[in-house]
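**Q** Line by line, the protein sequences are chains F and Z.
The numbering of the first sequence is the working numbering, which starts it at 4 and goes up by one.
The numbering of the second sequence is the working numbering, which starts it at 329 and goes up by one.
Keep in mind that the hints were calculated from the coordinates and are not lab data.
Please read these numbers as outputs of a predicted model, since none were measured by experiment.
Glycine included, C-beta positions come from ideal geometry on N, C-alpha and C.
Keep in mind that a hint or two might mislead.
As the list claims (entries may be wrong) - The calculated label-pair distances, taken between Cβ atoms and stated as ranges, are:
#: 1; chain 1: Z; residue 1: E385; chain 2: F; residue 2: G165; range: 43 to 49 Å
#: 2; chain 1: Z; residue 1: D597; chain 2: F; residue 2: A204; range: 53 to 59 Å
#: 3; chain 1: F; residue 1: G147; chain 2: Z; residue 2: E489; range: 41 to 47 Å
#: 4; chain 1: Z; residue 1: E527; chain 2: F; residue 2: P229; range: 40 to 46 Å
#: 5; chain 1: F; residue 1: E39; chain 2: Z; residue 2: L625; range: 29 to 35 Å
#: 6; chain 1: Z; residue 1: E385; chain 2: F; residue 2: D210; range: 54 to 60 Å
#: 7; chain 1: F; residue 1: R220; chain 2: Z; residue 2: R440; range: 54 to 60 Å
#: 8; chain 1: F; residue 1: D210; chain 2: Z; residue 2: S591; range: 36 to 42 Å
Each chain, written out:
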Amino acid sequence: MRIAVCMKAVVDSQARIELDGDGNLRQDQLRFEVNEYDLYAVEEAIRLAESDEGHVTVISAGTADAVQGLRKGLAMGAADAIHVDCDPDDLDASGVAAVLAAALHDGGYDLVLAGVESDDLGGSQVGVLLAEALGYASTTLVVGTNEPVDGAMQVRRELEGGEHANVQVQFPAVLTIQSGINEPRYPSLKGIMAAKRKDLAVKGLADLGFDGAPARRVESLGLTIPPPRELARMLEGGAEETAAELVRILREEEKAL
Amino acid sequence: MDWKLTADQSMIREMVREFADAEIAPHAAEWDRRKEFPSATFEQLGELGLFGMVVPEEWGGAGLDGTAYCLALEELGRVDASTCVAISVTNSVYCAPVNKFGTDAQKDRWLRPCASGQWLGAFCLSEPDAGSDAAGLTTRAERRGDDYVLNGSKAWITSGEVCGAMLVFAVSGEVAGKPEFSAFIVPREHDGVAIIHREEKMGLRSSCTNQVGFEDCVLSSDHLLGNEGDGLKIALDSLDGGRAGIAAQSVGIAQGAFDVAHSYLQERDAFGGPIGRFEGLRHELGRMAAEIRAGRLLYLRAATLRDRGLRNTRQAAIAKLHASEASNRIAYQAVQMHGGYGYVTDYDVERFYRDARVTTIYEGTSEIQRLVIARAVLQSATGA
Ligand SMILES: Cc1cc2nc3c(=O)[nH]c(=O)nc-3n(C[C@H](O)[C@H](O)[C@H](O)COP(=O)(O)OP(=O)(O)OC[C@H]3O[C@@H](n4cnc5c(N)ncnc54)[C@H](O)[C@@H]3O)c2cc1C
Numbered sequence: 004m005r006i007a008v009c010m011k012a013v014v015d016s017q018a019r020i021e022l023d024g025d026g027n028l029r030q031d032q033l034r035f036e037v038n039e040y041d042l043y044a045v046e047e048a049i050r051l052a053e054s055d056e057g058h059v060t061v062i063s064a065g066t067a068d069a070v071q072g073l074r075k076g077l078a079m080g081a082a083d084a085i086h087v088d089c090d091p092d093d094l095d096a097s098g099v100a101a102v103l104a105a106a107l108h109d110g111g112y113d114l115v116l117a118g119v120e121s122d123d124l125g126g127s128q129v130g131v132l133l134a135e136a137l138g139y140a141s142t143t144l145v146v147g148t149n150e151p152v153d154g155a156m157q158v159r160r161e162l163e164g165g166e167h168a169n170v171q172v173q174f175p176a177v178l179t180i181q182s183g184i185n186e187p188r189y190p191s192l193k194g195i196m197a198a199k200r201k202d203l204a205v206k207g208l209a210d211l212g213f214d215g216a217p218a219r220r221v222e223s224l225g226l227t228i229p230p231p232r233e234l235a236r237m238l239e240g241g242a243e244e245t246a247a248e249l250v251r252i253l254r255e256e257e258k259a260l
Numbered sequence: 329m330d331w332k333l334t335a336d337q338s339m340i341r342e343m344v345r346e347f348a349d350a351e352i353a354p355h356a357a358e359w360d361r362r363k364e365f366p367s368a369t370f371e372q373l374g375e376l377g378l379f380g381m382v383v384p385e386e387w388g389g390a391g392l393d394g395t396a397y398c399l400a401l402e403e404l405g406r407v408d409a410s411t412c413v414a415i416s417v418t419n420s421v422y423c424a425p426v427n428k429f430g431t432d433a434q435k436d437r438w439l440r441p442c443a444s445g446q447w448l449g450a451f452c453l454s455e456p457d458a459g460s461d462a463a464g465l466t467t468r469a470e471r472r473g474d475d476y477v478l479n480g481s482k483a484w485i486t487s488g489e490v491c492g493a494m495l496v497f498a499v500s501g502e503v504a505g506k507p508e509f510s511a512f513i514v515p516r517e518h519d520g521v522a523i524i525h526r527e528e529k530m531g532l533r534s535s536c537t538n539q540v541g542f543e544d545c546v547l548s549s550d551h552l553l554g555n556e557g558d559g560l561k562i563a564l565d566s567l568d569g570g571r572a573g574i575a576a577q578s579v580g581i582a583q584g585a586f587d588v589a590h591s592y593l594q595e596r597d598a599f600g601g602p603i604g605r606f607e608g609l610r611h612e613l614g615r616m617a618a619e620i621r622a623g624r625l626l627y628l629r630a631a632t633l634r635d636r637g638l639r640n641t642r643q644a645a646i647a648k649l650h651a652s653e654a655s656n657r658i659a660y661q662a663v664q665m666h667g668g669y670g671y672v673t674d675y676d677v678e679r680f681y682r683d684a685r686v687t688t689i690y691e692g693t694s695e696i697q698r699l700v701i702a703r704a705v706l707q708s709a710t711g712a
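Bound-form chain F, shown alone (with noise of 0.2 Å):
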């Protein structure tokens, strides 16, 4: 089975998001990490491959920032990677989707894994529409996989309130995987020596065939952190006084008692 797993740099959860005055990101406090997500993908593909001697490769476009999740992904277990290097936020999802697809397209995979969504802009996007762009089916919200049977797959899916649906999906597939589906692995110091001897590829997109980043269709036009609400109020003290004073506000301000 040969399965590639797509990978996100996305801004580090820690870092101090600011924005300046035209509500763009201030770029000189972030910091970069593997979306959360992409890693219980990349746990899944190697398990799926372990047990099938398969082929995992992981596939990233972005800047340079991409290379350490990518690296990071080796060291767990990949066999090699793809660096689509070029700028994201020229791109919307279905550009990213588009570089993507033209980087797999060929590869001959049964399956591509990406997370459910990207823990900095979280669109859910880009699984789905690498699936149409690549012609292959989809389904999104996995929370477990099977051995493959005869070219198809049975997976779980999460559903609205924590039920599971049974699927089968025929390869090749794209599925988006769900945090939680897996423990994703540390690497081992083995797996991270190992990393750096391994084929890391890097296509610029006119190697892909772009003239240039195809070009957005949804447009963001800046962002706004939303002003401090109001209505909260803290109590402080022991829990007795608390208690009552929150007896007193519902009875005597609130009136709800």
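Position chain Z with the ligand against the provided structure of chain F, taking the given hints into account.
**A** Structure of chain Z with the ligand alone, referenced to chain F:
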């Protein structure tokens, strides 16, 4: 000198940091309270390759350089000095000498399983009556036919009761009226080896520190590491590697203490606001940060020299002396900043304070480091 870490070194530090924060930090206080050696966590550490980090891959190790190794120790020391010391011992003073001085057959038998994470190694130099004065050790290895017979007792052996094998130093003869020392690889499960006692300690309480006895312990000659008479050379060389590691551990403890103190200064209010606004405490925080950074640069320097195949006796001793003394000052001050809360076991800072204490004692006391440094400085044309 280029201080930028390589991609591998950063990634290794990152991995150990993540592991330490997720798998060790949440339990370290409990292990300490129960004096429990966390075997399951060590199994994981072994699988990840932390028992023989600098051992080449052909012998089951990860083939790291000493710099990456020290960075890993700092990350472990930052959350749990007990875990860190067992990792330091198995790497610096068991695997490293067996790798450097062992034959292929010895490495296959006694290095590969350790480096690939099956068991920990231990180092038996100190004795009840010989610590700083290691040449005063009295454990004897007598020749009997082709074998050696070991008799004597060793003190303060880190991981004694949980190791798979230990490197044991003993008097194997006399040359010109002076004792001659040799090093032996001794499996723990070997006739004549007994774990006599586990010490009750002020700190490092989840690490096992044992007295180990040898009584008519018969070893075939393939247990001899290097040549007869190489013992002291092997011990001193191991300690040069070990000391950079203990410096890194000390910096880790200091960083752990610094981090909790730093947050506490923002959280704790007195006289109408957070105590971090008091200049007296800010001065201390600045001093702590400077001492930590200096310690880190010193151990990186010592490790880098050794990575380049250069002798680093003086630099390792300087790194160990500074970092261990500084970690005690920093842990002391971090407790002070916590006031009464620093003195109770509910807060990690109390454990950091107890754990820091040993760093100026083992792998050569501060007094011995000063002697080593002074000797090197007096011999060298360039001085300090
Ligand atoms: C938790 C722990 C773990 C340890 N793990 C190991 C281990 O795994 N393997 C191992 O072999 N050992 C281990 N040790 C032993 C440790 O290395 C020794 O305790 C240390 O070397 C000091 O020896 P000592 O205790 O005999 O003190 P001594 O040598 O008796 O020293 C007593 C005091 O005299 C000072 N002193 C001695 N000589 C001089 C001098 N020439 N000039 C000035 N001052 C001097 C010392 O600095 C010290 O202050 C461990 C110790 C501890 C506490």
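**Q** Indicate, hint by hint, whether the structure satisfies it.
**A** Evaluated hints:
1. The hinted range of 43 to 49 Å is satisfied by E385 of chain Z and G165 of chain F, whose Cβ atoms lie roughly 45 Å apart.
2. For D597 of chain Z and A204 of chain F, the Cβ-Cβ distance of about 56 Å falls inside the hinted range of 53 to 59 Å, so the restraint holds.
3. Taken as a hint, the range 41 to 47 Å holds for the pair G147 of chain F and E489 of chain Z, whose Cβ atoms sit roughly 42 Å apart.
4. Separation of E527 of chain Z from P229 of chain F is about 57 Å and departs from the stated range, judged on CB atoms against 40 to 46 Å.
5. The hinted window of 29 to 35 Å between E39 of chain F and L625 of chain Z holds, with their beta carbons roughly 33 Å apart.
6. In this structure, E385 of chain Z and D210 of chain F break the distance hint of 54 to 60 Å, their C-beta atoms being roughly 34 Å apart.
7. Hint check: R220 of chain F to R440 of chain Z, Cβ distance near 58 Å, so the stated range 54 to 60 Å holds.
8. In this structure, D210 of chain F and S591 of chain Z break the distance hint of 36 to 42 Å, their C-beta atoms being roughly 48 Å apart.
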